[in-house]
Amino acid sequence: MKKYLFISLAALMMAGLLNAQSQYKAGDIASDFKLKNVKGETVSLSDIKDADGFIVAFWCNTCPVVKKYDLRLQELHARYAPKGYPVVAINSNDPAVSPGDSFEKMKETAVKLNYKFEYLFDETQEVARRFGATNTPHIYILTWKDGRLVVDYVGAIDNNADDASAADKKYAEDALNSIMNGQAVAVAGTRAVGCGIKWKKV
Amino acid sequence: MKYLLAVIVSLIVGMAPLPAQEIERIGIPGLEKILASPDDQLHVVNFWATWCPPCVTELPHFEKLSREYQGKGVKFILVSLDFPSQIDSKLIPFLKKNKVTADVRLMTDLDYNSWIDKVDKNWQGNIPVTLFFNNARKSRYLHPSEVTEKELRELIIKYKQ
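From first to last, the protein sequence lines are chains A and B.
For the first sequence, the working numbering gives the first residue as 1, with consecutive numbering after it.
For the second sequence, the working numbering gives the first residue as 203, with consecutive numbering after it.
In case anyone wonders, no lab produced these hints; they're calculated from the structure.
Please note: incorrect hints may appear among the correct ones.
[Claimed, not checked] Partner residues aside, some chain B positions facing chain A, computed with beta carbon under 10 Å:
1) Ser239
2) Pro240
3) Pro255
4) Leu283
5) Ser316
6) Ile318
7) Asp319
8) Gly327
9) Asn328
10) Ile329
11) Ser347
12) Glu348
13) Tyr361
Ideal Cβ positions, reconstructed from N, Cα and C, are used throughout, including at glycine.
The whole structure should be built from the sequences, with the hints applied where relevant.
And the structure:
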């Protein structure tokens, strides 16, 4: 029994390591998912109408870096949803580790901050694992091509978390503008510095 | 005379921890200088922020071991990624409250992607991470996550050799 437990633990740890190393990057095909939004409805990317693609943001209620980017994410949605790229925010934090990231608190946050975009709860953390998201905020820009979701950009929103007006590299916007102009995305991957996703304790 | 000297020395040592307000601010050149240090000693460079709970959890281990290893060939530097707008409201009160005497530097260059690779190409941007290196011996290791006191102790022993 003990041996079996040890082997399963080792396997889980290895899976963890593998997960840490496999992150979607530009050119990969992302899989769609089914997650509950703050209204309690189940949402898949394929259900979202009039979208050419998505700005998927691994997000939460509690991280100070997320709070720094809160307005900026809302602006991205306001600007790019009408152009076919809505924001879809996903909270993957385990509420047992981070109580402020419970589903109830997500509802409160969405109301308080007047989120116009979908805010989804990744209760099993499977979506974060599959995407290889490590931090909040962590952005994935996806585009529908022939019925598949192609990853165009992975990383940070811009290059100044502290002060939006001082950011002089707007990675997410630049990527979206390139996509809309039919150009290649010049910077398709950056490191997103933020709070580590609060994984369930094994 | 000897006694007087001892008193003076202990007074100076007692004052040694710099007031936290005098935290040294660095940009990319300052970071590169740390990373290029030619000294034949183990450097332990921890990247952290007060907004990062696991960083705050492990910080006391760095504080404790930096005291233990004082003058014993291990140099600790704690590079804070706190937001420049929150130095007086968050970082300095934190350092005071926790009586941190270790060498803390504030990284003021927020264009992370312009310097993360200089630290280590495998760094995904998560914190905490800790870089162990001794340039004179060409040893280098980036620990990609939080450490316990035991783990930190073992890593120091391993890379100090």
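Results of checking the hints against the structure:
1. Ser239: violated, 24 Å
2. Pro240: Violated. Min distance 28 Å.
3. Pro255: Since the shortest Cβ distance to chain A is 8 Å, the answer is holds.
4. Leu283: Where the cut-off is 10 Å and the nearest Cβ of chain A is about 7 Å from Leu283 of chain B, the hint holds.
5. Ser316: Holds, about 8 Å.
6. Ile318: With Cβ-Cβ at 5 Å, under 10 Å, it holds.
7. Asp319: Hint holds; Asp319 of chain B Cβ to chain A Cβ min 9 Å, cut 10 Å.
8. Gly327: holds, 3 Å
9. Asn328: Holds: closest Cβ of chain A sits about 5 Å from Asn328 of chain B, inside 10 Å.
10. Ile329: Nearest chain A Cβ about 7 Å off; hint holds.
11. Ser347: Cβ of Ser347 of chain B sits 8 Å from chain A, so the hint holds.
12. Glu348: This hint holds: Glu348 of chain B lies near chain A, its Cβ roughly 9 Å from the closest one there, short of 10 Å.
13. Tyr361: violated, 21 Å
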